[in-house]
Structures are given as structure tokens and as C-alpha cells.
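Novice: Here are the chains, one letter per residue:
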Amino acid sequence: MLLFGVGVVVNRNPVASALCLVVSFVGLASLFISLDAHFLGIIQILVYTGAVMVLFLFIIMLLDLKEEARRALNAWAVAGGAVVALCLVGTLLHVLGTFPKGEATLPPLVVPEGQTYEDTKALGTLLFTEYVFHVQVIGLLLLGATVGVVALSKKEASK
Amino acid sequence: MGTLNGYLLVSGLLFTIGLTGVMVRRNIIIIFMCLELMLSAANLTLVAFSRFGLVNGLPNHHGQLLVFFTITVAAAEVAVGLAIIVALYRAKQTVHVEDLKSLGG
Amino acid sequence: MDWLSFTLITTLIKIVGLCFVAILGLVSYTVYAERRVSAIIQDRVGPNRVGLPLTLLGFKKDVSFLGLFQPLADGIKFILKEDFTPAHVKKFYFWLAPALCLVPALLTCAVLPFGSSITIPWNGSERTIPLVIANLNVGPLFVFAIASLGVYGIVLAGWSSNSKYPFFGSVRSTSQMISYEISLGLSLVPVLLVMGELNLVTISQQQSEHGWNLLPYSLRDGFDLNRWLLLIPLGLAFVTFVIAMFAETNRLPFDLPECETELVGGYHTEYSSMKFALFFMGEYAAMIVGSGITVTLFLGGWSLPLGLDNYLPKGTVWVGLLHTAVFFSKLIAFLIFFIWVRWTLPRFRYDQLMRLGWIWMFEICLANVLLTAGILWYIS
Chain S
46 MLLFGVGVVV NRNPVASALC LVVSFVGLAS LFISLDAHFL GIIQILVYTG
96 AVMVLFLFII MLLDLKEEAR RALNAWAVAG GAVVALCLVG TLLHVLGTFP
146 KGEATLPPLV VPEGQTYEDT KALGTLLFTE YVFHVQVIGL LLLGATVGVV
196 ALSKKEASK
Chain B
223 MGTLNGYLLV SGLLFTIGLT GVMVRRNIII IFMCLELMLS AANLTLVAFS
273 RFGLVNGLPN HHGQLLVFFT ITVAAAEVAV GLAIIVALYR AKQTVHVEDL
323 KSLGG
Chain V
61 MDWLSFTLIT TLIKIVGLCF VAILGLVSYT VYAERRVSAI IQDRVGPNRV
111 GLPLTLLGFK KDVSFLGLFQ PLADGIKFIL KEDFTPAHVK KFYFWLAPAL
161 CLVPALLTCA VLPFGSSITI PWNGSERTIP LVIANLNVGP LFVFAIASLG
211 VYGIVLAGWS SNSKYPFFGS VRSTSQMISY EISLGLSLVP VLLVMGELNL
261 VTISQQQSEH GWNLLPYSLR DGFDLNRWLL LIPLGLAFVT FVIAMFAETN
311 RLPFDLPECE TELVGGYHTE YSSMKFALFF MGEYAAMIVG SGITVTLFLG
361 GWSLPLGLDN YLPKGTVWVG LLHTAVFFSK LIAFLIFFIW VRWTLPRFRY
411 DQLMRLGWIW MFEICLANVL LTAGILWYIS
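Residue numbers (this note's numbering), protein chains in the order written: chain S, 46 to 204; chain B, 223 to 327; chain V, 61 to 440.
A few of these clues could be false.
[Stated by the list, open to error] Derived CB-CB ranges, DEER-like:
hint	chain 1	residue 1	chain 2	residue 2	range
1	S	Gly184	B	Gly224	33 to 41 angstroms
2	S	Val68	V	Val76	24 to 32 angstroms
3	V	Phe144	S	Val68	22 to 30 angstroms
4	S	Pro145	V	Thr188	43 to 51 angstroms
5	V	Phe144	S	Ala196	41 to 49 angstroms
6	V	Arg415	S	Gly135	50 to 58 angstroms
7	V	Ser65	S	Val68	27 to 35 angstroms
8	B	His284	S	Val134	27 to 35 angstroms
9	S	Val68	V	Ile439	42 to 50 angstroms
[Stated by the list, open to error] Here are some of the chain S residues that sit facing chain B, going by a computed Cβ distance under 10 angstroms:
hint	residue
10	Phe70
11	Leu76
12	Phe84
13	Val92
14	Val134
15	Leu137
16	Phe144
17	Ala149
18	Leu168
19	Glu175
20	Gly189
Just so you know, these hints were derived from the structure itself, not from any lab. We put the beta carbon where it would ideally sit given N, CA and C, even for glycine.
With the rest of the complex left out, here is chain S (with noise of 0.2 angstroms):
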């Protein structure tokens, strides 16, 4: 998952990218499940691999983007970047090192008797009591990148 990861930064052909990058969301979504998180790990494959990503291809199609031409990386970019990710490794590393309760393995869940534990039903009754305010946001927000969508495009229409 982690080598798709690194395809995504390193192909030149934004498509090869692309698919790298599905693989290693699928990747994600197992790994969810592996946490017992069966409804997320199923709605990252649906929304991330089967909609978002079919739209990046979507446009990186229709612009009909060729592989890039072997232009001279930006040295600064480049060096910036490394020192960056060097750095991130090097704090993750010594973070991860010194923090106890991250040996910790997988703590079996328990569930009262004479019933199996479903994700989905326990997050929808939190979605939809405790945080219903949220979901009125987020709905709202969703209204808003549609028109926001939908005005973006048509003013290149009309031109």
C-alpha cells in the first residue's frame, strides 16, 4: 500500500498515478477493516475509489493530460521536500519510539451477550441524535459545493 503511495508521487503519467493511488486506498480500506470498522472501511472504498477517484480520471481524461515532459524538476522543491519528509520520518520515528501505549495490540471488543456488534447501526443512532447539528452542516456544505460546481462550470459554458 505504502510502495502505491510512493507510485502516486513518483509516476510521470498522471493516470499510472491515479490508479496507484486507488490501490492504496484500497489498501486503507482494508486496514479499517482489520480495526473493526466495517462500515467505514466499506464507505472509503465507495466514496474515495468509486467516486472520487473515477472523477479524477474522469478529468485527467478529458484534459487529456500526455506524460509529462522530463522538465527539470525544481531543485529547491525538491531538496525542500526531502528535508521535509526526512524530518517527518525522523520526528515519527522518535514519537513512536517513546510512546508506551503504542504497544499495546489489538484489544478484543466485547459485546453483551446474545448480540453481534454492528458498526453501522451504532454510528447511524450517534450520527443522527448526538450529532445531528453536524449533519445539518455538512449537508449544507454539500448544497454548497453543488452550486458552487455548477456555477464554476457554466460560466465557462456561456462565454
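Fit chains B and V to the given chain S structure using the hints.
Specialist: Just chains B and V now, with coordinates in the frame of chain S:
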């Protein structure tokens, strides 16, 4: 399966890959994809902590809901972002951030 | 033999039996049925010759069996034909695309409950085998998630072919599938609201006890006005779901991605021999799985009508097999409906398709969700 540290390491590395991609690559679509990678890496951390920090023997669902909201917002963001990229491409015929310097003076 | 290896072996048998024997067998015979039914509709004969070639062995006559060996002959033809890869394609993706088309369709059948359960004696104890490969709590979502991966095969096929007709086909197909996925998902929400359940096995079970979703009457429960009231949104959901599914599987009247008069063959124009056959199989497998989902959600899955299952002994081998037979006969009936529609309706124009998808289907589905919620609120 792995330990909490294992999941955190994967998440951190993914985030690093995403960040490096944003800094190094000059294709705006790929930069955008790297942003998605970073968001997902953060999601993985949230899910991992929610699973390891059990509340009454069940995962902490508040964390998972945050992930749910993140995914929703990310999807909306992608839609808007791609629309902007398409508009940009129509105006400038390029997707390279280095070619977009008209505000730089 | 312990519990684990028993489960492993039965699961393997189920996977091989369902995915490879049942679905792929059904695929080849759906193609045959397609040709025969279209022939009947158009007052032709259709392929009725292929049978045992006894004349080769010196007998007087061939035995034709109504051409039932036709799929076999087709398969052999596909394998033996030259596998030609045009020079201008992007090789890797060109090879990847057909596989990506078929695999998701076969994966989704994992959550389809194709029968109730079978209890067999094993090593002196009774073992119950549920007749479903994976009993997931997020069944319909899983189906959507995996089915949405199928679009990659089409996108890649069009893009890697590097020529304009396949490209048009795949662009059309992508936008069509994205648009109709929304209606497909939304049209299911009423069913899930009514059932209060995301597990396809439990959904089938409930329908077998209380009558199908579209035939809400069971001899045990008697007449229940509330459930007949719920038939309004459920019927609407059924209609919208079936229409959206036609669009998702690229079947007529929505088969614009491969509309022959405009696009030669659509996204698989450049493909030949077995790679082309994989696209074909993927399309038909998606059709079969889609019918399976429809049957499970609306037509009671493996259950007999009118709640007759309440009077049958649970879990015996014969009842289990009967339920499987019932499931597959419903599936086949639905497939014939698919074929019938294909040879009856003309094709939509592309703007009409998009208008139908976004202006009609989407709004009807949304209104239907509200209607269902309102009726449920009124009833309770």
C-alpha cells in the same frame, strides 16, 4: 494483527508521502491527489485510536464519525477543486503550478 | 476435522460453486437465452443447431438439443481466435482492463444469500451451513462499493485503446455510471428504512417469514394494512432501482456506451478474442448479480411466496436445496425480463439519458425516501 504503533507508522508514512508529493510535484492534479492521501492518512490515525481506545468494550464511535465527516468534506472538496482545475485549464491550457504566475507580478 | 477447516472447506465449495459454476454457467446460458429470446421476439429461429456432432462419428443425423451446446462452441471459438493487440494501445492497461471488468462483478456475489441454510450431520454432530459466502452486516453497501470499481475496467479500456470511438464510449459510460449510481443507492434507502436492516441474509429471512417486500402477505400473519400501505414507496423503489440498474449494467435502453450505430462497439472496439469475451462476461455477470440483488431485496430472495416457508421444516437439506432452486428460478425469470426489455425498447439519446437520470430519477428517489419516512412515522 499489528500494534497501535504499526498503524500509526503506516499512517505517518502515508502522510509523509503525501506531503512530499505536494512539495515536489508540479502537476496540480497530482498535488490534489497527494492532498487526498494526506487526509486519508489522518483518517487512519483516527480509526486506529478509536479502535484501541475502547469505551465500554466498544470502539470510540465519536472518532469514527469524525472520519465519516472528513470523507464527506473531502468528497465535496474534490468536486469543487476539480471544477476549478477544469476552469483553470480552459483559461490557461496548463496544469503546472509553475506556469500559473500571473499573480506573481 | 475441527470447526475451522470445516468452515474453510464449505466456504471454498460455496465460492467455487456460486462464482464459477453458477454465475459463469449462467453467463454463458444468458447469452444463449439472449439470442433465442431475441429470435422469438423477432419471429426468427435463432441458434438451434449446435449439439452432438454425431455425423462425424458416422451416424446418420446430428443431435441438436435445441442448440443448447451453443455457449460451449462460442467459448471454444473465443479461446481459439487470434488474440490480437493493436500496436497503438497502452499495453499494460489494455491487458488490465478486461480483468478489472469481470472481477468486481464476481466479487459482489459474495454477499448474495442464495439459499437458507443446510444442516448436515458431520462427525456425529449437526453442522449448519448458511448458504451465503460472506454474511456481512453492510451487504448492500458492499455491493455498491465493489460494483463501483467495475467502472475502472471501462475507463481504462477506453483510455488505453488510444482511439476515439472506445474513448467516447468509456467517457459516456463513466458519466452514466456515476450519475445513475446515485439513484441506485437512493432507491434502496426506502427498503432499508422499512426493513431496518443492512444484512442481506436477515432481509431474506424476514421476507420468508412475513411475505415478500412486493407481496406483503403471509398466510401466518394474515392481512396487514400497514404493510400494503408501504407497498407504494416500495413499488416506486423497485421501479427506480430496476431502471438505475439497467443503466448501471449498460443494458438497453441505456446501452449508449456501446451503441453500435454511433460508436462501432464502444469501449471494447479494439479488443478481440478472449479479452473481448471477458468484457462480455463482465457485463452479463454484473447483470446476474444485479438481478440477484433485486430478487433478494424486493422479491423475497430464496423464500417461497406468501410466507409458505413457515410451514416447512427449517434447515434440512431438501428445504435448503429447494430454496436455492427457488432463488435461481427467480433470478432466471428476472434475466429473461432483462432480455425482453432489451429487445422491446429503443435506445435513449444521450441528453435524454442524463436528463432522466438527474432530473427525474434523482428527484423521485429523494421524494420516495421522504414518503417512506412519512409513512413509517404515521404507522408507528
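Novice: Which numbered hints does this structure break?
Specialist: none
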